[in-house]
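Student: Please put together the full structure from these sequences, using the hints given.
Order-wise, the sequence lines are chains A and B. Residue 204 in this note's numbering is what sits at position 204 of the first sequence, and the numbering runs on without skipping anything. Residue 68 in this note's numbering is what sits at position 68 of the second sequence, and the numbering runs on without skipping anything.
None of these hints come from the bench; they were simulated from the model. Just so it is clear, CB atoms sit at the ideal spot from N, CA and C, and this is done for glycine as well. Take these hints with a grain of salt, some might be off.
A few chain A positions that, by computed beta-carbon distances, are all more than 10 Å from chain B [said to hold, decoys possible]: (1) 31; (2) 50; (3) 82; (4) 84; (5) 88; (6) 237; (7) 242; (8) 264; (9) 286.
Distance ranges between label pairs, derived from CB positions [to be verified]: (10) B:41 to A:34: 50 to 56 Å; (11) A:186 to B:296: 42 to 48 Å; (12) A:25 to B:80: 39 to 45 Å; (13) B:58 to A:139: 28 to 34 Å; (14) A:199 to B:18: 30 to 36 Å; (15) B:60 to A:202: 22 to 28 Å.
This is what each chain is made of:
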Amino acid sequence: MSITEAEAAQLSFERPSGLWADAWDRFKRNPAALVGIVLIVVFILAAIFAAQIAPFEPNEQAGPLATNPAGPGGEHLLGLDMQGRDVFTRILFGARLSLLVGLVSVSVGLALGLVLGSLAGYLGGRVDFAIMRVMDLMLSVPGLLLAIALVTVMGRGLISIMLAVGIVQVPTFARLLRGSILGQREADYVLAARSVGVPGRRVLLGHILPNSIAPVIVQATLAMATAIIEVAALSFVGLGPNDPRLPEWGKMLAENANRLQQSVHLVLFPGLAIVFSTLGINLIGDGLREAIDPKLKT
Amino acid sequence: MPLLSVQDLEVKFFTRRATVHAVRGTSFDLETGETLGIVGESGCGKSVSALAMLGILPKTGRVTGGRVLFGDQDLVGMSDAKLRKIRGKDIAMIFQDPMTSLNPVLKIGRQMTEVLTKHLPMDKQQATAEAIALLDRVGIPNAADRLGDYPHQFSGGMRQRVMIAMAIACRPKILIADEPTTALDVTIQAQILDLMKKLVVEEGMGLILITHDLGVVAGVCERTNVMYAGRFIETGPTRKLFERPRHPYTLGLLRSVPRLDAQRKEKLDPIGGSPPELTKLTEGCSFAPRCVYATEESRARTPELRPIEGNDHLVACWNPVPDADLPHAPTDRPAAQ
Chain A
1 MSITEAEAAQ LSFERPSGLW ADAWDRFKRN PAALVGIVLI VVFILAAIFA
51 AQIAPFEPNE QAGPLATNPA GPGGEHLLGL DMQGRDVFTR ILFGARLSLL
101 VGLVSVSVGL ALGLVLGSLA GYLGGRVDFA IMRVMDLMLS VPGLLLAIAL
151 VTVMGRGLIS IMLAVGIVQV PTFARLLRGS ILGQREADYV LAARSVGVPG
201 RRVLLGHILP NSIAPVIVQA TLAMATAIIE VAALSFVGLG PNDPRLPEWG
251 KMLAENANRL QQSVHLVLFP GLAIVFSTLG INLIGDGLRE AIDPKLKT
Chain B
1 MPLLSVQDLE VKFFTRRATV HAVRGTSFDL ETGETLGIVG ESGCGKSVSA
51 LAMLGILPKT GRVTGGRVLF GDQDLVGMSD AKLRKIRGKD IAMIFQDPMT
101 SLNPVLKIGR QMTEVLTKHL PMDKQQATAE AIALLDRVGI PNAADRLGDY
151 PHQFSGGMRQ RVMIAMAIAC RPKILIADEP TTALDVTIQA QILDLMKKLV
201 VEEGMGLILI THDLGVVAGV CERTNVMYAG RFIETGPTRK LFERPRHPYT
251 LGLLRSVPRL DAQRKEKLDP IGGSPPELTK LTEGCSFAPR CVYATEESRA
301 RTPELRPIEG NDHLVACWNP VPDADLPHAP TDRPAAQ
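Tutor: Next up, the structure:
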């Protein structure tokens, strides 16, 4: 291979390969984000392999019924609950539930938010006004309160909780995307696309949206954490899934809150599970934001 | 029949504060293979005219009068679906800033094939092959390898070449270039202009070149329209216009540009004042407040374009510049090619 060929190969190797590759480069160098990744990988693995890792069944009575159940140690890594069920097992299976709830409710919020935000931002005028005033209305009610109201209307159950938490997030996504689209709508490349005959729908979906989506992706990540917390909170106030067997973290907290002084482990471990999973997601979200936001580029 | 005939085109912008009369009755014809220049300073309505022709004005703008005849079709008032079939296929446009006119998150191959598959009966593979041929034609080395690159991996001049490749992709009959070289440095400017000239000849396209750079017009255009405050105030063959400008504004423009053949000590002579606000135009010549030749008549009545010195040189002025005041005339320097 001649020198020029070698150089050419070198050059093409070093060539940055686009927005997301650049973003990943920056993301990798952020230690906090990497911690987030580790936490989340543990969380996801726990969810996927819960059945394999867990020493017991989530509803198996592994020890005696007790008002003061045994704490961590021995056979039961994180102790037993009052029904004699293994806490570690239930937390593992809870991860599954939390992951599901987070993904589904964020997907619901994201899907509705994307549609409404795109319409408002791209069409503008009255459509924009109508959509955004409804969003403002939703934002004027505290999120959890709105979720409680929605669950009350739709009835208890896992599905309605996920829907409620998702709907509460719609305005955030819609506003974010609308703002982002407004910034892109008058961009030169949009005019250029129109000048070659690209129809309006394609301009929005093929040109504007890919340029506006980055902050929404960051928000979606952060919203996962909010969703997990909100579902836990709904469970805590008694609007959780009404099946008592479901190992929902927020529900585990609620059931044992009055046992806090006697059996700390019943409250501490589900609480820690919530804290670390949401912390991990938040760290990733912040890392993503820094990696994608061109204004923070170094 | 001319390829494109713009007749009394009027464009207004309706904003909350005021109505801006951006283009006030411009007319011109473009023949096949002709190169036409539109010159004027910022905000005189050059770009707006072009956007109006293609029906891609910003939301607040509207064509309020006139016709744009392409063949026997009037582009004004045509449905967007029909216009979309013409845009990019029969009439294509190149924009000023190649740094922002390409979509930053799409690979250029994708942006080019989008145009091709949209207007021509091509599948993805054919379009890719054609895109490579086009990039090659506008002088991008290793065209095949660069289809997968993003715009930020190209230099400004290269990006403008990509824009040109996209514009000529469907063999348009008319190419509108809106300040195609303004954002580029001088050596690249010359390359891009040469490329455009070459393509116009090869394809037999009509070219409308919009610019504020008199040097660019002189180098490229056969005919030139000078625009001021939304109107054409002088139009003629470029050479004639540069040698014997009859409108005081055209003369002022020429005087405010440095010349290679001028004496070294000679000072540039800018036009005093600034253009009128397009929200409050009154009867009378819009240039009158800045014009040394202005009379009562100039301020009272708006002059229309009328022939002066033959049928091809028109000027909208009550008191055209007298011969004695022409600075370098007659010059032996070739103004146009």
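Student: Take the hints in turn and mark each one as holding or not.
Tutor: Hint by hint, here is what the structure shows:
1. 31: 28 Å, holds
2. 50: The claim holds: residue 50 (chain A) sits with its nearest Cβ about 38 Å from chain B, beyond 10 Å.
3. 82: 55 Å, holds
4. 84: Fine: 56 Å to the nearest Cβ keeps residue 84 (chain A) off the interface.
5. 88: 45 Å, holds
6. 237: Given a closest Cβ separation of 43 Å, the condition holds.
7. 242: Holds, since 45 Å exceeds 10 Å.
8. 264: 51 Å, holds
9. 286: With a cut-off of 10 Å, residue 286 (chain A) remains clear of chain B, as the shortest Cβ separation is near 22 Å.
10. B:41 to A:34: 50 to 56 Å: 55 Å, holds
11. A:186 to B:296: 42 to 48 Å: Holds - the Cβ-Cβ distance for residue 186 (chain A) and residue 296 (chain B), about 44 Å, lies within 42 to 48 Å.
12. A:25 to B:80: 39 to 45 Å: The hinted range 39 to 45 Å holds for residue 25 (chain A) and residue 80 (chain B), with Cβ atoms some 42 Å apart.
13. B:58 to A:139: 28 to 34 Å: Since the Cβ atoms of residue 58 (chain B) and residue 139 (chain A) sit about 30 Å apart, the hinted range of 28 to 34 Å holds.
14. A:199 to B:18: 30 to 36 Å: Given range 30 to 36 Å: holds, Cβ gap about 32 Å.
15. B:60 to A:202: 22 to 28 Å: 23 Å, holds
Going through the hint list in order, the structure satisfies each hint without exception.
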